[in-house]
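There are 2 protein chains.
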Amino acid sequence: MSEFIMPPGYRFEPTDEELIRFYLSEKALGQPLPRSSIVEKELYGDNANPWDVFSDTNPWKMETKFDKNETKSKKKTIFVLTKLSKISSKRISRKAGCGLWDGQTGAITINNSQGIIIGSKKMLTFRTKGDSNVTKIHGHWIMHEYSLDGVSLINGLKFINDNVICKITRSWKGKDLQVLENRKRSRTISCDHPN
Amino acid sequence: MSEFIMPPGYRFEPTDEELIRFYLSEKALGQPLPRSSIVEKELYGDNANPWDVFSDTNPWKMETKFDKNETKSKKKTIFVLTKLSKISSKRISRKAGCGLWDGQTGAITINNSQGIIIGSKKMLTFRTKGDSNVTKIHGHWIMHEYSLDGVSLINGLKFINDNVICKITRSWKGKDLQVLENRKRSRTISCDHPN
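Chains A and B supply the protein sequences, listed in that same order. Positions 1 to 195 (the UniProt record's numbering) are the ones given, in order, by the first sequence. Positions 1 to 195 (the UniProt record's numbering) are the ones given, in order, by the second sequence.
A few of these clues could be false.
When chains are identical, the list treats them as one kind, so a pair holds in a single copy or across two.
Derived DSS-like pairs: lysine-lysine, alpha-carbon spacing no greater than 27 Å straight-line [to be verified]: (1) Lys167 / Lys90; (2) Lys167 / Lys65; (3) Lys122 / Lys65; (4) Lys122 / Lys74; (5) Lys41 / Lys86; (6) Lys136 / Lys76.
Think of the hints as simulated: they come from the structure by calculation, not from any bench. Keep in mind that this is a model prediction, so the values were computed, not measured.
Only chain A is shown next, with the shape it has when bound in the complex:
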């Protein structure tokens, strides 16, 4: 799906309910996604370091902020449709490149305006095995993963529910941001050679 160019001044800032109702439910029913800023990507597997997954796309914009201590931070957000990597009907593999997407919260239900459960979301972070250098260089990655739940799973669902929508945020702050800016002037440090 190519990037969708909007008229100037529009921002894609969907509510949880909009993501479930208008995007994820449509996909589960075999409908094409509405034209939007959501990209389709594989987020799991041996080569799925998040910085590699998104190296060829740029539908996200950088936000730069300064907190009250004048510490500079940068943040990017992207919306992704992906398939979960299932090991069995109940088990999911979260392995992604040299690390994994690690759950930070249990599933939190999403209700529609009538109070009926239509989906759920959970938060995950990208974590490598004991190597803090990699995330210092490549930024801190947070994922909010949206799944169908409640009535969305019983109302005419034709396809197996492997699809999720992820809101992924990549951020750098303080010293790590300096590392990022220095990195542009030096060689790329990969996952296999963190030092």
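Chain B: place on chain A using the hints.
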């Protein structure tokens, strides 16, 4: 111009620069506005009470909030293209129905990303002559008015610069909100008969 229906999840939240560059400058050059959430309205004149001007349009959505004291407030925002009501080449009439749009700030310049002045904005509020009941009933009205300025006025401008874009916010809070909600169950109180 009919209301523009966007795909779900998109919000019209233009930056000052986007309003000037992609909307107001285009209009001044005689181009049609890009399809957007901006409506065209007359905001000045004997019959231009803001609640009457917007009685037939609803491109704005209500936001309800509670502050830390649990005081409920409601707010709506709309973007409007309008012509200023000029009395002479330098004087503007701000009369609108039973009140006027009263300037609260001088013009603040708007720069593009290269630091060059492209426009200016000022803040106004709607004020009636000593009758606080009217705004209690019809809400508190704030306007941010965007005008061309600097290079936008010299680069090939063909038309007289009477057009402005206004971001108008209408809000109710606390007791005034109760009056609004009670009003739905009683007669409409007009400007001429505030009591």
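These are the hints, each one checked on the structure:
For a Cα distance limit of 27 Å, the shortest separation of Lys167 from Lys90 inside one copy, 23 Å, qualifies, whereas the shortest one across copies, 51 Å, does not. Proximity of Lys167 and Lys65 under a CA criterion of 27 Å is satisfied in both settings, with 20 Å inside one chain copy and 25 Å between copies. Taking the closest pair of Cα atoms, Lys122 and Lys65 come within 27 Å of each other both inside a single copy (26 Å) and across two copies (25 Å). With identical chains, the CA atoms of Lys122 and Lys74 are at most 27 Å apart within one copy only, with a shortest distance of 23 Å there and 30 Å across copies.
For a Cα distance limit of 27 Å, the shortest separation of Lys41 from Lys86 inside one copy, 16 Å, qualifies, whereas the shortest one across copies, 55 Å, does not. For the homomeric pair Lys136 and Lys76, the shortest alpha-carbon distance inside one copy (15 Å) is at most 27 Å, but the shortest distance between copies (42 Å) is not.
The structure agrees with every numbered hint stated previously.
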